[in-house]
Amino acid sequence: MRVPRCKGMRDLLPQDMAKFRRIEEMFRGCCLRWGYEEVRTPTLEYLHLFTATGTLTPGMLGRVYSFLDWDGWSGERVVLRPDGTIPAARLYLENLEGGEITKLFYVENTFTFEETGAERRERWQCGAELIGSSQPLADVELILLALEVVEKLGIPVEVRLSHAGLIKALLGELGLGSAEQTEIFDQILEGNIKALGEIKTEDVDLKRALPLLLDVKGSSPGFLENVRALLGKALPGLEPSLNNLTNIAQLLSALDCPYQIDIASGRGFEYYTGVMFQFYALAERVGGGGRYDDLIPLVGGGAVPASGFALYMDQLMDLLKREQPSYHRILVRPEGSDVKGLKSCFEVARFLREEGYLTELDLGRKTVSDYRWLLSVPREGPFQLVDQATGKRSEVASQAGILKIVEGSR
Amino acid sequence: MKLALPKGRLVDDTAALLQRAGLGLLDYDEGSRSYRPKSTTFADLFLKVFQEKDIPIQVAIGNYDLGICGLDWVEELLVKYPSDDLVKVGDLGYGKSDLYVVASRYAGVSSVREIEGGFETARIVSEYQNLAESFALRLRLRRFKILPIWGAAEAYPPESADLAIIAETSVDRLADHDLVPLARVLASRAFLIANRKSLAKADMSILLSYLSPSEVEIEEESPLPAIIGIIFEKAAEGEKMVRLALPDGHQQRPTMEFFKKAGLKIGGYSEVLETRRPTLELNGVTVKVIRPQDMPLQVANESFDLAITGKDWLKDHLYRFPSSPVEEILDLGFGRVTIVAVVSEDLPVNNVAELKDLVRGGLLPTIRVASEYVNIADKYARDKHLERYKIIPTWGASEAFLPEDADLLIENTETGETLTKHKLKTIDTLFESSACLIGNRQALSDPLKKERIKHIIKIMEKTAKEGF
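One line per chain: the protein sequences are A and U, in this order.
Numbering-wise, the numbering used here comes out as the position in the first sequence, counting from 1, plus 64.
Numbering-wise, the numbering used here comes out as the position in the second sequence, counting from 1, plus 114.
Excised from the complex, chain U in its bound form:
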């Protein structure tokens, strides 16, 4: 029997549930770096930890019999790909998080008026791109753009998006980000899900009865007004301000240090994330903190003039959109990683040719290529003529996919230590990546803004040259 467990916010409650169920769980807590917890009581139970978003997919395709994840990610899958194979067994009663359609309180979005014949484009930003699309279609928005992102949706309205679809535990938390809810799309909680064929075939009764959802109290919440249409008023924007995007996550600390070295004072951007809108003491520049993965697309869309991201993410973007106006301006030198192709140590291959031989010899039906870099992985598979391959997009924790749920992984590595720890071996090196400053080659029409951008580049260039 195979059970997929969530990483992240649901870990504590899920671990508690499994302990209560008598699973005698080892190695499943927030500090744990193992992706394969063990049950001391069920010898034949295989457990694996995934990003929540991956779990409904893994259960629907039958890689796992059961899974635990938020209902939001279940619906995100089902709304686009209605699958009979995914069964929602029940609400587990914890991990409450609702999906709201929000706008900035400064955007002048009114909630209940009909759109009148206009051709304005509504920009909707969300980690939940399928739910966002479904929402826009149901609302009969005439012209809309879904901007899929990896995270930090709250940072986008009003300048970079008109609407965001965002998961939050309460309406009050939205107010902290100056957001107003317009609609609640979904009330989400942790759910037990199952593969229909597994339910039909295998006896999972012991596990099901242990995990069966307890009496769940559903609190009534006052409904938000239904929205029929939205009027967008273009927010007046400081056109001449240079908009700079800085990364969160792993790159936050080195970026902060780079700024320190460059003598650029920045408030609210330290080792921890204090605010999505730190203040830079540099005339005419506004700063937002978003995911580095999302930056090339945002710069292409002119939501930002400059951004600090990795070359890996720039490449991933350019492989998908070869005519994108985004370009690298400056190599900043820090955050060096190598992008490699890796397989499980158990796989008897040492290079790509031998991997292909496995397929030709009928030992592998298809090469399953897992990666966060969907477009880099796809191009690699095409260039290497992998013939029969599938790209499996992941949202982090990708090492866990090998060997059971993928055959080849395209991943970044700093020292190779993590790969070794997860019993993986490198069979090919794709390219070196480091942090870089990117910009939009078409966006610089305003002379004052151009001057300001040149100034920033000059400061950064000097710091990078001095060997950061």
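Same shape as in the complex, but just chain A:
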């Protein structure tokens, strides 16, 4: 009786894991060089870490894997981590609060229920959080770091900017109550930007500025100046956010980092308060992030500003080209089965591995075309080395002799 894998879950096969590790190593390497330190939060957290307004939207909360713990008779529940940032904020508060600027990164999985199994229930992400700075500089650093990782993986990537503060200020200007504002903000975060356009407004300036703000995609600080010019009376409420976004855009422009300002791209988490960025590669969303200055206060800490991003490993793995398998694989084949000959096989294989070559013992395979080198080990006498690329056969007396030929062909 075969039991298939659980729906919505993914098996990572050897070629997938090769890509997974490449992404992980690239991400770790870049983060470490930028001065970020690695952490990992636990898979289980308390549900109420995620329930406050300003953490996860009710839509997301409705799909967390939550359950009563073994001692959960009190009704309190735990969840499989649905998000990386909120636990990172908790980790910071519990262990690192009050220090200097804290730069953390992690490679973690998150879990979201999905009924049909068409979408993934377990997702892997590479996350980075920069805690303690409210400067646009910090947001720009995170954007550049994320772009560096993806570009170094050989994947063309672009960044789209939106601004949670701007959207929230807009909702405020439109005269909505606070519960209503949260509700519409949630809809926008879940990808329904139309919710914003559908709100009727009597404000002439807003009526004029809204289409520009929502429909036009800007590519320079000049776009934001145009918006500013049209906003007129409605400007004061929006100005701080507009200024903040302008600062970030100016800095990115000065760094020759192309970007798109697309307010409608503001998908993400309810905890975002400032700039939000999305990373796209070949029309696929491969990452996102933003500023979340209110999150740490919300989970019980002081007024510590923070900002972060996550790269989605599953999407990046799909875009990553398959790596060529190591060219110089060596297959060591014993002739006969007596102990002395086998010992010699293990010894020569160990020697070659220590020299850095992928060396396997032949355990009875039928095809050998994956191997560049075939090394026959007789009970006594010289080794037989075949170079499958050229068909050349050599008799070699010593381990060093094998190494010389293999190295000579590189």
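Hints listed in this document are in silico derivations from the structure and should not be mistaken for laboratory results.
Bear in mind the structure is a predicted one, so any value in this text is a computation, not a measurement.
Fair warning: there could be bad hints in the mix.
Cut-off 30 Å, straight-line C-alpha distance, at most; resulting in silico cross-link-like pairs (DSSO-like, lysine-lysine) [to be verified]:
#1 Lys194(U) / Lys493(U)
#2 Lys315(U) / Lys202(U)
#3 Lys297(A) / Lys258(A)
#4 Lys311(U) / Lys71(A)
#5 Lys563(U) / Lys354(U)
#6 Lys539(U) / Lys498(U)
#7 Lys535(U) / Lys429(U)
#8 Lys71(A) / Lys504(U)
#9 Lys375(U) / Lys572(U)
#10 Lys315(U) / Lys71(A)
#11 Lys498(U) / Lys429(U)
#12 Lys71(A) / Lys498(U)
#13 Lys564(U) / Lys576(U)
#14 Lys385(A) / Lys71(A)
#15 Lys194(U) / Lys258(A)
#16 Lys194(U) / Lys71(A)
#17 Lys470(U) / Lys71(A)
#18 Lys202(U) / Lys258(A)
#19 Lys493(U) / Lys71(A)
#20 Lys71(A) / Lys202(U)
#21 Lys429(U) / Lys194(U)
Go by the hints and put chain U onto chain A.
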């Protein structure tokens, strides 16, 4: 064609509807003990009676093409498990019952203020745990506990819960229990529901046209104020009072007799349920009547100090929560039942090994284990290595599940008569159960309360020993 019909409060109106539709129904009324009514006019119509709560699930998974039950149970399923396969065909116009979020009028709950940053935990008690969770999430309650119960939600606020989500026919009825409505979550009525695949495939037009909802008049009701947040004020509680929970249902009568024998006078707790708060003539003890199924969890949560329930329900609780502080204090000796594993008489097996052979031989794809005792059934299935099994939780009327909708049933039996009547046979015996007094081993810090509890135990011990 298969139609699932409700047990309980909707029976009379549903039977009338089906008679009007010309189904010529036999054996479907409140007194009937059969779970398989027959239609004299539709020979190929299979009918089965379920607890209302089971019907949306049975229709959604495709065991039944059509079903009739309250909209409340449809939404309870859909809010957590949005399923495309369940279609709400229409309102049948009877069985009105609204779902209210309520608090005790003594609890000082104000309705329209925002919660300000606090970390108080809101305890929400309900038979509708999914709707309760959805409500709490939508309200953005920061920290909440959903306490799922089998019934008697009205008995919980204010001492044992801050809020209850409760089905009631009118706001006035809530006032009878000293409850104030804060919000109406749902206006419910009997609904005809259908499986989408059945609708797409099978011609059910005759039945649909007979059952199609008549013109339904929806009365306008004044909306309750929308609540944004709730402020909880801890109700001052008589800390030293011993809180005792007594069972309703089957165990009510023997419990009452036990009390009589013990010389404990209790007002308002007779053969019928008069009040959820009877008065015990014993100094320093308050009594509430709740479902025996709910007691272990409530005692674990220190909502009660003592409770009279069955060992079966205590075991079910402890299997789920091995480190729970609830323990049996005293075997009371009455209400003896045996917990057994049963199958349909038609199934060619005599023991569990043979049942497993059916799966191994490919004759059964999965063993569907139905039970009210979810955790006992799950442990049994694990211990017996049933390999491929599904637990189907039921809310009573479990015998009806075999053989069509389950293969194995974990059920209690007194004499075995009911099982025989439903053409079931026992293939294994799990354990004996009887009524017992349970308590919380961590809760007894107050010396006066400790004394009072000891006193009650002493009285009960004596009565139990005398061979009740």
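Which of the numbered hints above does this structure break?
none
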